[in-house]
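Participant: Single-letter residue listing:
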Amino acid sequence: MDINELLEPFARMLDTAAAPALVRAVEGGASAAPMWQELLESGFLDALVAEDKGGAGLSLGDIEPLIEALGARAVPLPVAETMVARALLADAGLAAPDGPIALATSATSGQMVVCALVAAHVLVDTGAELILADIADLIVTPTGVHHALAARVAWTGRPQGQSLPRPAHGLRRIAALLRAALIAGAAGRLIEMTTAYANERVQFGKPIGRQQALQQNLAVIAEDAISARLAAQLGCAGGPTGSLVAAATAKAMTSAVVARIAATAHAVHGAIGVSEEYDLQLLTRRLHEWRLADGSEGYWHKVIGEARLADPAGSIDWVRNAVFA
Amino acid sequence: MFDTLTLASLSPEDEALRPQIRAFLSRHLDGLPLDRRARSWQGFDADFSRKLGAAGFLGQTLPKEYGGGELGPFARFVIVEELLSAGAPVAAHWIADRQSAPLILNYGTEEQRRKYIPAICRGEALFCIGMSEPGSGSDLASIRTRADRTDKGWVVNGQKNWTTHAMHSDYMIALLRTSGTIADRQAGLSQLIIDLKAPGVTVRPIVDLNGDAHFAEVFFENVELGPDALIGTEGEGWKQVTAELAFERSGPERIYSSVVLLDAWIAHLQSVGRTDAHGLVGRLMTELAALRAMSIACTARLVLGESPVVEASIVKDRGTTFEQELPMAIGDDLAAHPDEVVSDDLHRALLYVTHIAPSFSLRGGTREILRGIIARGMGLR
Ligand SMILES: Cc1cc2nc3c(=O)[nH]c(=O)nc-3n(C[C@H](O)[C@H](O)[C@H](O)COP(=O)(O)OP(=O)(O)OC[C@H]3O[C@@H](n4cnc5c(N)ncnc54)[C@H](O)[C@@H]3O)c2cc1C
Chain A
1 MDINELLEPF ARMLDTAAAP ALVRAVEGGA SAAPMWQELL ESGFLDALVA
51 EDKGGAGLSL GDIEPLIEAL GARAVPLPVA ETMVARALLA DAGLAAPDGP
101 IALATSATSG QMVVCALVAA HVLVDTGAEL ILADIADLIV TPTGVHHALA
151 ARVAWTGRPQ GQSLPRPAHG LRRIAALLRA ALIAGAAGRL IEMTTAYANE
201 RVQFGKPIGR QQALQQNLAV IAEDAISARL AAQLGCAGGP TGSLVAAATA
251 KAMTSAVVAR IAATAHAVHG AIGVSEEYDL QLLTRRLHEW RLADGSEGYW
301 HKVIGEARLA DPAGSIDWVR NAVFA
Chain B
1 MFDTLTLASL SPEDEALRPQ IRAFLSRHLD GLPLDRRARS WQGFDADFSR
51 KLGAAGFLGQ TLPKEYGGGE LGPFARFVIV EELLSAGAPV AAHWIADRQS
101 APLILNYGTE EQRRKYIPAI CRGEALFCIG MSEPGSGSDL ASIRTRADRT
151 DKGWVVNGQK NWTTHAMHSD YMIALLRTSG TIADRQAGLS QLIIDLKAPG
201 VTVRPIVDLN GDAHFAEVFF ENVELGPDAL IGTEGEGWKQ VTAELAFERS
251 GPERIYSSVV LLDAWIAHLQ SVGRTDAHGL VGRLMTELAA LRAMSIACTA
301 RLVLGESPVV EASIVKDRGT TFEQELPMAI GDDLAAHPDE VVSDDLHRAL
351 LYVTHIAPSF SLRGGTREIL RGIIARGMGL R
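Residue numbers (our numbering), protein chains in the order written: chain A, 1 to 325; chain B, 1 to 381.
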């Protein structure tokens, strides 16, 4: 199947349903219900659900470009997370609720959960099982970070809700792949925006993009974005049951390039880049949020390093077997 | 941006070459010391290259008709990956296999193809690249070495510099001015195949900071060549050289130059049983994996018959950055444990790579020039 046949209608839908003005409104506290309704009706939420269970039967590798498209638009809802949750629910023979589902990838009460403020449910990984908890049965505390939709999620005792089997390596591995693809999408969009701006903004009588210093910096973040994209694709190609190291590589690589991409994008834009009304900040704030979510590069590097040092193979061999297999 | 660089994979047929080349390498490289292997694709051994050719491991991308394997760029990727992973001394055949033979195949006459390509596939015709001159490095279009037409063919005068393994090579493919003056820049340049045994050619090896002599300066004093020395079209040298550089820059050697050192360090960590380097090891493995995916993606463009000039620059710039980071990070890690004994082998390999690493982002076009090419690809210039 050619993914572009899906990507184009999906991206078009997002361009209207999650236009920057609507993203800002949701971040500002407006209801996300209309945006969610459009996503729900689009049918894309069941992309990962098996065909015999009424879904499209696609793999994570297939839909990686769709997740990038979500990242590129800073969609303020846990869309990819819900896709994964619905597939896990379907596999367990459970009906999925209609609302957005966020992922809690740590067994610790009080952890930070991306999009918790706009979620109807949270799928919690307790380390032994997954529990689909109604948001009303959890204690959700906003962080106080301006316009952030991530929030602290806590429970007393054990989270209440339906139980389903925990996939190999738990939710954190899957969430890492989703974050990687989201970062890759947002990073790609930032490169485009920043390049376009550099060609428009005139100082000293010519576009600032004609300055070699800027060209060199932009070339570097373009490389960053490409390695992020390939690492995300590589990780997602491993699918929902793929290796932990492949997912770790995806999240570590994408997280590791966030700092430089965001810094250079802002530097090239000058002051306008940090103003609220300019779209750049929608993406750079997301990049930082996703980098810190579900294990930063520091967390995943250790996972990878430990696996590497346990294996006597040469590095190229090891990478081939652990990441590319 | 640069959406053409997307995930691609090696086919099972290409992967099938891996055990074969491995078996060959374990037979022929046994006992090669670490600091020789750390020389990576700068290590020269003409005998080894001939053995590779005889075993059918050269010319994977070239047609069977000319003695090649006709298996394509991914097959070459697998072979090259194994050669570099093992630290095989590949310099003798490297340039010919990577870029001279494809260039001759693309632009040469039937006679030239028959004369050179089968010999290259046997590892018997060694080539070097004559682009840089004393006054022309990054600004390649400013070259002065000339080839002028005579009634018998061509006469060459001038000097090339930094020519890798010119002193061991049979032929140089040189970029020369065949008409106009340096003011004409890219116009009036052509490529000629120069037989380095021709009278008037003087090759003087240059010793590097590690004591190795891998490059040389080459002088041409009224060197007479036949009419068949011209390769491709007169005046089209710039275009041809650009295509050649895509081959030169796109291979996995631009990400694996320090991989022998990396493996030696990891073996050291394993043998001393140290567990405080997980984060660093993981970071380096992450980069390695992402670069491998990028390099395979770039090779996929070669498979499609494209000339991925910008993509190759992206992979080379990022790859050499990684190759250069390795000795610095490894040196820091080892020296952060002053009470731990590091073997002489590892120490020599570390310092060898530390000293030579700056050249990784010079040879084949400097970092700044590559980033300029990428910026042009982005529409910034
Ligand atoms: C190990 C090794 C092997 C080599 N083998 C060969 C070979 O086989 N054949 C061959 O022809 N050549 C070979 N070279 C030469 C190589 O191609 C040149 O070193 C390279 O092109 C740079 O030229 P240069 O050394 O004269 O440096 P210069 O061009 O003088 O550059 C010096 C510095 O100035 C920077 N600079 C120059 N122009 C610009 C600009 N417009 N904008 C920004 N920065 C700029 C460069 O990036 C660099 O940092 C080899 C070099 C090395 C190190």
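Careful: at least some of the hints might be erroneous.
Listed below are several chain A residues computed to face chain B (Cβ distance under 7 angstroms; list not exhaustive) [as the list claims (entries may be wrong)]:
(1) Ile135
(2) Gln216
(3) Met253
(4) Gly314
Covered by chain B, per the in silico footprint, the following chain A stretches (three or more residues, Cβ under 8 angstroms) [unchecked claim]:
(5) 27-38
(6) 164-176
Chain B is nowhere near these chain A residues, computed Cβ spacing over 10 angstroms in every case [unchecked claim]:
(7) Ala21
(8) Ala50
(9) Glu192
(10) Ala222
(11) Arg229
(12) Ala231
(13) Gly273
(14) Asp279
(15) Pro312
(16) Phe324
It is worth saying that the hints were derived from the structure and are not from the lab.
Don't be surprised by glycine CBs; every beta carbon is placed ideally from N, CA and C.
Participant: Please go over all the hints and tell whether each is borne out by the structure.
Facilitator: Now for the hints, and whether the structure bears them out:
no.	hint	result
1	Ile135	35 angstroms, violated
2	Gln216	5 angstroms, holds
3	Met253	5 angstroms, holds
4	Gly314	5 angstroms, holds
5	27-38	violated (count 0)
6	164-176	violated (count 0)
7	Ala21	25 angstroms, holds
8	Ala50	24 angstroms, holds
9	Glu192	6 angstroms, violated
10	Ala222	6 angstroms, violated
11	Arg229	8 angstroms, violated
12	Ala231	5 angstroms, violated
13	Gly273	18 angstroms, holds
14	Asp279	17 angstroms, holds
15	Pro312	7 angstroms, violated
16	Phe324	7 angstroms, violated
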